[in-house]
Amino acid sequence: MKNNTIQEEALRDLQSIREMMQKTRHAINAAGTGQIMVLWGVVWLLGFGGSQFLEPSAAGTLWMVLDIAGAVGSMWFGARLGRKVQSYPGYRIGLWWLALLVYAGLIGWLVGIESQVEFDLFITLFVGLGYVLSGILLSRIVTWVGLGLTAVAILGYFLLPDWFSLWMAILGGGTLIGTGLWIIRHWR
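Residue numbers for the sequence shown, in the numbering used here: 426 to 613.
By construction, these hints were calculated from the structure, which means they are not laboratory data.
Remember, it's a predicted structure, so these values are computed and weren't measured experimentally.
Where a beta carbon is used, it is the ideal one built from N, C-alpha and C, also for glycine.
Any given hint might turn out to be false.
[Stated by the list, open to error] Quick list of the computed label-pair ranges, beta carbon to beta carbon:
#1 L562 <-> G533: 22 to 30 angstroms
#2 S482 <-> L558: 31 to 39 angstroms
#3 N428 <-> R517: 41 to 49 angstroms
#4 N428 <-> I561: 34 to 42 angstroms
#5 I532 <-> H611: 34 to 42 angstroms
#6 L487 <-> G599: 12 to 20 angstroms
#7 L585 <-> E433: 19 to 27 angstroms
#8 E434 <-> W522: 38 to 46 angstroms
#9 R437 <-> I579: 41 to 49 angstroms
#10 R437 <-> G599: 19 to 27 angstroms
#11 L591 <-> L531: 54 to 62 angstroms
#12 D587 <-> L554: 20 to 28 angstroms
Let's have the full structure, built from the sequences with the hints guiding it.
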C-alpha cells in the first residue's frame with residue numbers, strides 16, 4: 426500500500442513538472458522568442474551575405490542598419506507579444522544582450538582583433554555564449570542553438586576562412602530562422 430502511494434506521488438510530481446515545462450515553453454513562444462529568432466536569422470543572412478560580397482565599408486554600413494532594425498524589431502515583438510505573458514521581463518533581456526555585446530566590443534577592442542573574419546568570429550562566439558546562457562535560464566533548445574552557432578562558427582573559421590561570412594549567412598542565419606520557426610510551430 427505504501428509503495429502505491431509513493432508511486433502515485435511520483436507520477437503526480439512528474440506530471441506537475443511536465444505541465445510547468447509546457448507552460449514555460451508556451452510563455453517563451455507567447456513572448457515572441459520565435460519571431461525574434463527568425464528576425465535575427467534574417468539579419469545574419471543579409472549581414473553576413475553582405476560581408477562576403479560587399480566592400481568592407483558598405484558591409485559595415487549594412488550591418489549597422491540591420492543591427493538597428495533587429496534591435497527595433499526585437500523591442501517591437503517583445504512589447505507587442507510580451508504583454509501576453511504576465512511576468513515577461515523583456516526589457517531585462519534586452520539589457521542583458523546589450524551588456525553582453527558591449528563587453529564583447531570592449532574585449533575585442535582591448536585584445537586587438539586583426540581582421541574582419543576574426544571580428545565576425547568573435548562577435549558570433551559572444552552571441553553563441555548569449556544563447557547558451559539564456560538557454561540555461563529559459564530552455565534547453567536555446568542552449569543547443571548557442572552551441573550549434575559556436576560549432577558552425579569555429580568550423581567555418583578553420584575550414585573555409587575565405588568563405589566564412591557566406592558560411593555564417595547560410596548556416597548561422599539558417600539555424601536562427603529554423604529554430605525560430607520551430608519554436609513558433611511547436612511551442613503553442
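Hint check results:
Separation of L562 from G533 is about 25 angstroms and conforms to the stated range, judged on CB atoms against 22 to 30 angstroms. In this structure the supplied range 31 to 39 angstroms holds for S482 paired with L558, their Cβ-Cβ distance being about 33 angstroms. A hinted range of 41 to 49 angstroms for the beta carbons of N428 and R517 is consistent with their spacing of about 45 angstroms. Taking 34 to 42 angstroms as the suggested C-beta distance range, the pair N428 and I561 conforms, at roughly 36 angstroms.
A hinted range of 34 to 42 angstroms for the beta carbons of I532 and H611 is consistent with their spacing of about 36 angstroms. In this structure, L487 and G599 meet the distance hint of 12 to 20 angstroms, their C-beta atoms being roughly 19 angstroms apart. Judged by the Cβ atoms, the range 19 to 27 angstroms given for L585 and E433 is violated: they are separated by roughly 56 angstroms. The beta-carbon spacing between E434 and W522, approximately 41 angstroms, falls within the hinted interval of 38 to 46 angstroms.
Take R437 and I579: their Cβ atoms lie about 44 angstroms apart, and the range 41 to 49 angstroms holds. Distance hint check: the CB atoms of R437 and G599 are about 41 angstroms apart, inconsistent with the given range 19 to 27 angstroms. Between L591 and L531 the Cβ separation comes to about 28 angstroms, which falls outside the hinted range of 54 to 62 angstroms. Between D587 and L554, the C-beta spacing of about 26 angstroms keeps the proposed range 20 to 28 angstroms intact.
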